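Dock chain R against the given chain C, drawing on the hints supplied.
So the sequences go chain by chain: C and R. According to full-length UniProt numbering, the residues represented by the first sequence are 1 to 519, in order. According to full-length UniProt numbering, the residues represented by the second sequence are 1 to 519, in order.
To be clear, the hints were calculated from the coordinates, so they are not data collected in a lab. Hints should not be assumed to be uniformly reliable.
[Unchecked claim] Now the stretches of chain C that chain R is said to cover, found in silico as 3 or more residues with beta-carbon under 8 angstroms: (1) 26-33; (2) 36-46; (3) 214-228; (4) 354-365; (5) 402-412.
[Stated by the list, open to error] Calculated from the model, a selection of chain C residues having no Cβ within reach of chain R, i.e. all distances over 10 angstroms: (6) 95; (7) 99; (8) 131; (9) 162; (10) 184; (11) 258; (12) 292; (13) 306; (14) 349; (15) 419; (16) 446; (17) 473; (18) 483.
As the structure is a prediction and not an experimental result, all values here were calculated from the model. Even glycine gets a Cβ: it sits at the ideal position worked out from N, Cα and C.
Protein chains: 2
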Amino acid sequence: MINAVGRDIPEEVLKATGKDIFRGTFAKEGYEYKKAAPTVRAYMDPNKSKRVDSIHDVLVKCGIKDGMTLSFHHHFREGDYVVNMVMEEVHKMGIKDITICASSMGKAHDPIVPMIEDGTVTGIQSSGVRGKIGEAISAGKLQNLAIMRSHGGRVRAIESGEVHIDIAFIGAPTCDEYGNMRANGGKSDCGVLSYAMADAKYADKVVAITDCLVPSPNLPASISQVDVDYVVVVDEIGNPAKIATGAAKPTTDVRKILMADYCTEFVINTPYFKDGFTYQTGVGGASIASTISLGKIMKERGIKMKFGVGGIAGPMCKLLEEGLIETLVDTQDFDTIAIESIKNNPRHFEISASEYANPFNKGAYVNQLDFVILAALEVDVNFNCNVVVGSDGVVTGAQGGHPDTAAGAKCTIVIAPLLQGRIPAICSQVTTVTTPGETVDVVITDYGIAINPARQDLIEAMKGVKLPFCTIEELRDKAYSIVGEPDPVQFDDQVVGIIEARDGSVIDVVRKVKEYEFK
Amino acid sequence: MINAVGRDIPEEVLKATGKDIFRGTFAKEGYEYKKAAPTVRAYMDPNKSKRVDSIHDVLVKCGIKDGMTLSFHHHFREGDYVVNMVMEEVHKMGIKDITICASSMGKAHDPIVPMIEDGTVTGIQSSGVRGKIGEAISAGKLQNLAIMRSHGGRVRAIESGEVHIDIAFIGAPTCDEYGNMRANGGKSDCGVLSYAMADAKYADKVVAITDCLVPSPNLPASISQVDVDYVVVVDEIGNPAKIATGAAKPTTDVRKILMADYCTEFVINTPYFKDGFTYQTGVGGASIASTISLGKIMKERGIKMKFGVGGIAGPMCKLLEEGLIETLVDTQDFDTIAIESIKNNPRHFEISASEYANPFNKGAYVNQLDFVILAALEVDVNFNCNVVVGSDGVVTGAQGGHPDTAAGAKCTIVIAPLLQGRIPAICSQVTTVTTPGETVDVVITDYGIAINPARQDLIEAMKGVKLPFCTIEELRDKAYSIVGEPDPVQFDDQVVGIIEARDGSVIDVVRKVKEYEFK
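In isolation and in its complexed conformation, chain C is listed as follows (with noise of 0.2 angstroms):
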């Protein structure tokens, strides 16, 4: 069946699945669901303790066996050593046919590529995946579909039931023997847990592993004691080297500088640029710099930003700590500064996934966005970008909150270089549609500008603002132009993944890559 975005999902999928195709990024706005629940178990007796000795005997007491699902969050990043160590006794274990069902997962991951070829591992939820699970799934050994879902589509799926957690392993950067968690305060400190925090309330079973026990009671908790099943204490949770890399320097790269240029200059003529404006960005050097630089202008003009919200690095931190910014409200921490920030600014909130973008709850964050500045993979002349698959077609990025967010801002800007080393990023079909080109307002490339159609708004805005606007097919031809229109990709007609829209339908699917044949 061909969805809104125009891919054809196969009818087996949608079978196997029981999914529904995209049908448009708010077509479930207003439905009305059930809300999914754990099984727990009442814990009255003041004298037992949560307290468990290794990570092989707290599986023995959540009962693992074979077929389960099984969660981790990804604040540690590259630098994670707990889905590792959990999935390593699991092996030892013998237990097979597991769904890990991780936030995101990255290269810090590749140790479960073996698990996955002799079946411990069957399937893989995530956000995205770096490295070699990537190819793993792209080569088409996880017996199961693979299922890359956004940061809000996660606690969408989590919070609907669409999956299942029965055992959440939460690394805690400190924890107390009743299981309060925090991000601070350890050895490991990653500054938020907001992925971990709809783990904690679905699964069944929820165990805190932390490198750091401190008394309690471990306050304010980002993951509270009445959620938590047992309590195991490691020596490392994770490389605090890679957890926190340093500050993000601005960049130097005279092509980025550019984009960031256009940027600030595109953003600071939008009827959105007023006092009390709110604010996304990432952590790429385009996005940072046109943050730096767009923070000069608010100092200049006395305009303030009312929230930043989502993934928070360096730059942000400041424009706050220089009361630029009135708030906070942080997803997860990119680099030292940010983690610091949230320790001691008082206007620097953690909050959960949910809050930030789940599209199925009573609002999130991202609803209220005026500007989220994105990057991406490719972006087609439909203005559907590809932040998951790389234009050899093997999986090699996440959603994040991609999708999310861009559904959610009035003014939702990509930012991708015109060409990817020889690879044009804008083309005229994405390997992989990962968020809907509805919801894309303008794509800024060191070549051009080009404003969706649809949002006449903006470019009559744009009247008389000195920015190299075209339309979005003359960004494509040009880059065809330079480097040539790429042959398509040649997949194997086996589906090993589904791209899930926030909405939980199928806006695409991902198929095993061949080797290239010539014709």
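This is chain R only, laid out in the frame that chain C set:
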């Protein structure tokens, strides 16, 4: 059927409610159940507003109809306007058969009585009731059985699905357009919104009612936007003078000071009184006097309290300020000092009622209590306590956290003057059992102190301690020798309410009072 505290629970009550008899405080340890969940509506459209102009309009939007259950919190105490405001509108609309599920109700809600009489309100579920509603229940005017639950028991009932809330009305001292509610920063501050948190998570529809709309995001939010359907702004949600009464003054009542001294002497001679102990107390004159004298000894001996829990009043905040308490975990504020403390002291935290006392979550704070100092209307020779029904048989009090803390604390101390006027507080049989004697360790009266014989360890610990120890029977006999043994209250056969144990079983029933008949 006779339950574990010897009360005969009529079969028809068990049949009508589907409940079991009380089988002991820890009978349901490890009980496994699937949590309840609300039916909610996705709110994806960034342009939608949650603002509704009036209580009437919001009732219409929520689909108010006969037979619904509406919930309220009691943080405004005797200053609450919200219950009456909503119910007056419900009444005007001619809606019938409403169950009010409130965390507690008081004299402020006397205007509900005519609605009980005309069938607008047919069910009341509350921690307890004071004033005319209690009289109406005891007179048999309420169509359905009134259900009295402890604070922990209420959350259990909501989270287990025993009661399903159709619409929760949450009075909020401050709220933003998107529904983020806080207990402070407005004109009717109440310190915390702990009792409303479960309502927000488990009700199908959630309505914020505020008299102080603030810019978003109103953080840190006690109740999050993601759970709120509508926001209604009204002139006044409560009478600040009655919400936060002035500081509780140290008592000058010699009897109370005597009991306070006994209590302190007892506490400091138990093995639990050591650095890092945990403690909860109430706001009665003796409790407060005891807290103050305990503070002096803590200072002298260099002993600190790890945390104080529950409803908080000035004296506990003073100890926090002096560094004698490390942390306060707060579910209710009894005076202005407590409200100011939670606003300003970073070691004073708001927790949910579930975190406080829910017996069916994965571990509440009450489980970690060393001491709780409680009051009671009556205590019997089996150490059973009554805090809900007056010795005249009329419903006049509330369970509060009484049975929750008694079950959790290592040392549960009940302070009661031997005589309440001409009524013996220590008696052969309490009028109604609310807290089982197996969880009550010590009873302190102005005439002597009785330790529960089940606690031989405490009896041992008190050897050599100069306090007027005696048996509970001796206390009862002393009381009867002074005022005589009162004739039992004469009840009608009709059961008008049940006292729920914290695990949801029936610990006692409340019967219709009849006019006293001379033999």
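Hint check results:
1. 26-33: holds (count 7)
2. 36-46: With 11 residues in contact (Cβ-Cβ under 8 angstroms with chain R), the coverage given for the stretch 36-46 of chain C holds.
3. 214-228: With 10 residues closer than 8 angstroms to chain R, the stretch 214-228 of chain C meets the three-residue bar; holds.
4. 354-365: That given contact holds, which follows from 10 residues of the stretch 354-365 of chain C lying within Cβ reach (below 8 angstroms) of chain R.
5. 402-412: holds (count 4)
6. 95: 22 angstroms, holds
7. 99: 20 angstroms, holds
8. 131: 33 angstroms, holds
9. 162: 13 angstroms, holds
10. 184: Consistent with the label, residue 184(C) stays out of reach of chain R, its closest Cβ about 14 angstroms off (over 10 angstroms).
11. 258: Answer for residue 258(C): holds, closest chain R Cβ roughly 30 angstroms.
12. 292: 24 angstroms, holds
13. 306: Violated, since 7 angstroms does not exceed 10 angstroms.
14. 349: At roughly 5 angstroms from the nearest Cβ of chain R, residue 349(C) sits no farther out than 10 angstroms, so the non-interface label is violated.
15. 419: Per Cβ check, residue 419(C) is outside 10 angstroms of chain R; nearest 33 angstroms; holds.
16. 446: Correct as stated: the minimum Cβ-Cβ distance to chain R is 30 angstroms, above 10 angstroms.
17. 473: The claim stands: residue 473(C) keeps its Cβ more than 10 angstroms from every Cβ of chain R (closest is about 28 angstroms).
18. 483: With a cut-off of 10 angstroms, residue 483(C) remains clear of chain R, as the shortest Cβ separation is near 37 angstroms.
In summary, the structure is inconsistent with hints 13, 14 from the numbered list given earlier, while agreeing with the others.
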